[in-house]
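Given only the sequences and the hints, what does the whole structure look like? Please build it.
These protein sequence lines are chains Z and C, in that order.
Just so we're aligned, residue 6 is where the first sequence starts under my numbering, counting upward by one.
Just so we're aligned, residue 22 is where the second sequence starts under my numbering, counting upward by one.
Simulated from the structure, these hints should not be mistaken for lab results.
Incorrect hints may appear among the rest.
[Unchecked claim] Below, computed lysine-lysine pairings styled on DSBU-like, alpha-carbon distance capped at 30 Å:
(1) Z/K431 with C/K236
(2) C/K129 with Z/K431
(3) Z/K168 with Z/K71
(4) Z/K348 with Z/K138
(5) Z/K431 with Z/K376
(6) C/K148 with Z/K431
(7) Z/K348 with Z/K168
(8) Z/K12 with Z/K181
(9) C/K236 with C/K247
[Unchecked claim] Quick look at which bits of chain C chain Z covers, simulated, 3 or more residues with Cβ under 8 Å:
(10) 62-76
(11) 79-92
(12) 188-197
All C-beta atoms in this analysis are idealised placements derived from N, C-alpha and C, irrespective of residue type, glycine included.
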Amino acid sequence: MSAALAKYAEAFAAAEAAPGSPAWLAELRKAAHAEFNSIGFPTTRNENWHYTSVTPIAERTFRPLKGAQSSAAIGGLIERAVGDASWARAVFLNGQFEPSHSSLASLGRGVRVSTLTAALAEQPDFVSAHLGKLAAWNAQAFTAFNTAFVQDGLVVRVARGVKAEMPLHVLHLVDKQAAGCMIHPRLLVVLEPSAELTVVESYISERGVEYFTNGVGEATLGDGARFYHCKVQRESREAFHVGTLQATQGRDSLFHSFSYASGGALSRTNTYTRLAGQGAEVRLNGLYLIDGAQHADHQTIVEHIAPGCASRELYKGILDGESHGVFNGKVYVEPEAQQTDGKQTNHALLLSPTARVDTKPQLEIFADDVKCTHGATVGRLDDIALFYLKSRGMGADHARAVLTYAFAAEVLETVELDELRDGLEKIAFERFTRA
Amino acid sequence: MLKIENLHATAGGKEILKGVSLTVNAGEVHAIMGPNGSGKSTLAQVIAGHPGFEVTQGSIVYDGENLLDLQPEERAQHGVFLAFQYPVEIPGVTNAYFLRSAYNEIRKARGEQQVDPMEFLDVMEQKLKLVDMDPDMLHRSVNAGFSGGEKKRNEILQMAVLEPKLAILDETDSGLDIDALRVVAGGVNALKKPTNATIVVTHYQRLLNYIVPDKVHVLAHGKIVKSGGKELALELEARGYDWVLEAA
Numbered sequence: 006m007s008a009a010l011a012k013y014a015e016a017f018a019a020a021e022a023a024p025g026s027p028a029w030l031a032e033l034r035k036a037a038h039a040e041f042n043s044i045g046f047p048t049t050r051n052e053n054w055h056y057t058s059v060t061p062i063a064e065r066t067f068r069p070l071k072g073a074q075s076s077a078a079i080g081g082l083i084e085r086a087v088g089d090a091s092w093a094r095a096v097f098l099n100g101q102f103e104p105s106h107s108s109l110a111s112l113g114r115g116v117r118v119s120t121l122t123a124a125l126a127e128q129p130d131f132v133s134a135h136l137g138k139l140a141a142w143n144a145q146a147f148t149a150f151n152t153a154f155v156q157d158g159l160v161v162r163v164a165r166g167v168k169a170e171m172p173l174h175v176l177h178l179v180d181k182q183a184a185g186c187m188i189h190p191r192l193l194v195v196l197e198p199s200a201e202l203t204v205v206e207s208y209i210s211e212r213g214v215e216y217f218t219n220g221v222g223e224a225t226l227g228d229g230a231r232f233y234h235c236k237v238q239r240e241s242r243e244a245f246h247v248g249t250l251q252a253t254q255g256r257d258s259l260f261h262s263f264s265y266a267s268g269g270a271l272s273r274t275n276t277y278t279r280l281a282g283q284g285a286e287v288r289l290n291g292l293y294l295i296d297g298a299q300h301a302d303h304q305t306i307v308e309h310i311a312p313g314c315a316s317r318e319l320y321k322g323i324l325d326g327e328s329h330g331v332f333n334g335k336v337y338v339e340p341e342a343q344q345t346d347g348k349q350t351n352h353a354l355l356l357s358p359t360a361r362v363d364t365k366p367q368l369e370i371f372a373d374d375v376k377c378t379h380g381a382t383v384g385r386l387d388d389i390a391l392f393y394l395k396s397r398g399m400g401a402d403h404a405r406a407v408l409t410y411a412f413a414a415e416v417l418e419t420v421e422l423d424e425l426r427d428g429l430e431k432i433a434f435e436r437f438t439r440a
Numbered sequence: 022m023l024k025i026e027n028l029h030a031t032a033g034g035k036e037i038l039k040g041v042s043l044t045v046n047a048g049e050v051h052a053i054m055g056p057n058g059s060g061k062s063t064l065a066q067v068i069a070g071h072p073g074f075e076v077t078q079g080s081i082v083y084d085g086e087n088l089l090d091l092q093p094e095e096r097a098q099h100g101v102f103l104a105f106q107y108p109v110e111i112p113g114v115t116n117a118y119f120l121r122s123a124y125n126e127i128r129k130a131r132g133e134q135q136v137d138p139m140e141f142l143d144v145m146e147q148k149l150k151l152v153d154m155d156p157d158m159l160h161r162s163v164n165a166g167f168s169g170g171e172k173k174r175n176e177i178l179q180m181a182v183l184e185p186k187l188a189i190l191d192e193t194d195s196g197l198d199i200d201a202l203r204v205v206a207g208g209v210n211a212l213k214k215p216t217n218a219t220i221v222v223t224h225y226q227r228l229l230n231y232i233v234p235d236k237v238h239v240l241a242h243g244k245i246v247k248s249g250g251k252e253l254a255l256e257l258e259a260r261g262y263d264w265v266l267e268a269a
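Right, here's the structure in full:
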């Protein structure tokens with residue numbers, strides 16, 4: 006075991022000794038911890054991490070957060086979230102659930118939402134049937150890390166044919182009490198056939214706080230289910246963030262994931278799905294806006310297992326300063342998955358000569374009757390478009406800002422929720438047009 | 022108002038304008054005609070400050086100022102307007118925002134008060150009628166998904182909003198059907214004042230049935246080879262360009 010891992014052994018022993026976990030979960034944690042120790046933090050020799058060095062995470066020692074905490078900062082952090090105050094809401098501060106700021110009752114009949122801690126007590130069989138069943142804790146270091154140290158999180162179950170009455174907003178807030186800490190949130194979503202749910206996850210933190218968020222989500226979509234997931238990551242510029250969402254989709258289901266990433270010193274968003282039932286559809290979209298020395302990485306894996314499934318991916322990045330963006334999109338088409346229709350697109354806009362993008366589409370196709378395309382561009386603002394705006398009287402800076410926003414707008418338009426889309430458009434617009 | 026003398030311009034090292042001289046006075050409409058590749062569009066774009074061309078010789082004086090010293094946005098703020106032959110699509114930015122930003126920039130340059138979105142809607146109401154456009158277009162992205170005719174109408178709408186002193190229409194008639202042509206020409210005529218001037222760049226005489234020029238110039242091989250009154254356009258329509266080129 007390397008020194009980078011050994012330093013977490015003590016924290017793990019302490020967590021293991023804590024009472025309250027059922028035996029199966031203790032076993033799962035133990036197995037995940039063993040996997041974490043054996044896999045270790047990925048290096049850039051690992052093809053999944055070729056363009057992203059996690060050395061800044063590996064060389065630090067993050068502590069688990071313990072004990073009672075003050076919730077004084079919550080109000081200010083909630084205000085910064087994009088969304089609607091009337092949505093159902095689950096608020097976590099530094100990984101701990103804050104019941105007095107949460108309201109989960111309004112999602113309607115047939116929607117059961119509870120914290121992981123509560124679900125372990127109230128519906129242990131359901132949790133044990135799903136937790137750790139999709140996310141690859143036995144193959145991915147950060148998923149193993151989360152599974153070994155998982156604190157709290159949210160468990161959502163939507164009954165057959167039920168459409169949740171409103172979106173569920175999960176706010177992951179961090180204040181300075183969590184400086185130097187690690188937070189391992191968990192999301193478990195089970196949609197029974199023809200159920201429908203929207204989840205917005207907002208990651209927001211106070212300025213200047215250095216910490217590590219390592220989230221894992223698992224979503225099971227039954228036949229005909231529809232799951233809309235938006236992740237809005239606007240953490241401090243000192244934060245480290247790894248987030249993995251693994252979905253599996255039944256027949257004719259729809260999964261739409263949108264990732265907005267503008268925070269963090271280093272962030273990595275993994276969105277993975279298995280198209281396991283015929284006619285399932287997945288749409289993966291993302292926008293990252295980074296500058297300074299920020300690093301933002303998105304990885305997608307779409308496994309076409311059943312025939313007649315469609316996957317659509319559009320990711321865009323706008324990079325300034327010396328920032329570094331990475332996009333790696335994998336599409337596997339299994340031999341059974343005939344009539345697969347896959348399209349992957351990613352575009353990056355470089356605003357400075359020192360910003361950098363690495364983009365790697367990977368298609369592995371084992372079926373013969375498929376339509377799969379991918380395209381990637383890295384570019385700068387178009388001179389003719391700039392001239393068009395200037396010829397209407399706009400100054401050079403304003404013209405550049407408008408075109409930069411326009412580049413982002415195409416992918417923001419894919420967000421279905423009006424309040425979220427409008428809010429993200431507003432912050433993106435202000436980011437580029439501020440003087 | 023506009024005095025161009027011995028203007029030479031290159032693109033990618035190739036000389037396209039080879040000594041153009043032209044004087045336009047307030048209240049006048051000038052038509053610039055000529056065969057394809059003669060440099061008509063280049064002349065229009067150089068006046069507006071297109072970054073793809075380099076002026077190597079000559080001068081453009083506009084309202085007593087050396088236009089070539091000004092950035093494209095400064096030219097616009099001084100009242101120069103180019104209706105593009107190929108208007109640029111800007112997905113994600115609404116026409117309302119685009120038009121209001123341009124309108125406010127120009128007002129700011131003139132020392133006038135800026136308008137808020139509500140006041141701007143009042144301004145737009147009458148301008149939209151001028152080019153027969155639906156108010157819904159204000160909420161659509163700039164030119165994105167517009168038909169050719171809608172794009173050209175949108176150019177004239179911008180012109181109506183910005184009220185330029187010198188308007189240059191670069192092949193605004195190309196790709197328009199007869200109804201759209203009438204609307205576009207009607208808009209241009211309605212905006213005509215004794216204090217402003219219009220330069221119409223066109224390949225065909227057709228547009229000049231609707232926008233009647235005071236002077237017609239033939240541009241060929243980067244130079245103006247013949248100038249005359251509106252009857253010259255009719256003669257060109259009947260006889261083609263060859264006789265002018267031969268005479269030159």
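To see whether the hints hold, each was checked on the structure:
1. With a C-alpha separation of about 49 Å, the suggested pairing of Z/K431 with C/K236 is violated against the 30 Å cut-off.
2. Only pairs whose Cα atoms come within 30 Å are accepted, and C/K129 paired with Z/K431 is accepted, the gap being roughly 24 Å.
3. A distance of roughly 37 Å separates the Cα atoms of Z/K168 and Z/K71; the hinted pair therefore is violated under the 30 Å criterion.
4. In summary, the hint linking Z/K348 to Z/K138 is supported, as the alpha carbons are separated by about 28 Å, within the 30 Å threshold.
5. Between Z/K431 and Z/K376, the direct Cα distance comes to roughly 36 Å. Violation of the 30 Å bound is thereby established for this hinted pair.
6. This hinted pair checks out: C/K148 and Z/K431 have alpha carbons roughly 28 Å apart, not beyond 30 Å.
7. Between Z/K348 and Z/K168 the alpha-carbon distance is near 29 Å, which keeps this suggested pair within the 30 Å criterion.
8. For the hint pairing Z/K12 with Z/K181, the CA-to-CA distance comes to about 23 Å; that is within 30 Å, so the pair holds.
9. Among the hinted pairs, C/K236 with C/K247 is consistent with the structure: their alpha-carbon atoms are about 11 Å apart, no more than 30 Å.
10. Counting residues of the segment 62-76 of chain C whose beta carbon lies closer than 8 Å to any beta carbon of chain Z gives 5, which meets the minimum of three for the stated coverage.
11. Proximity of the segment 79-92 of chain C to chain Z, defined as three or more residues with a beta carbon under 8 Å from a beta carbon of that chain, is not established by the 1 residues found.
12. With 0 residues having a Cβ less than 8 Å from any Cβ of chain Z, the segment 188-197 of chain C misses the three-residue criterion, and the hint is violated.
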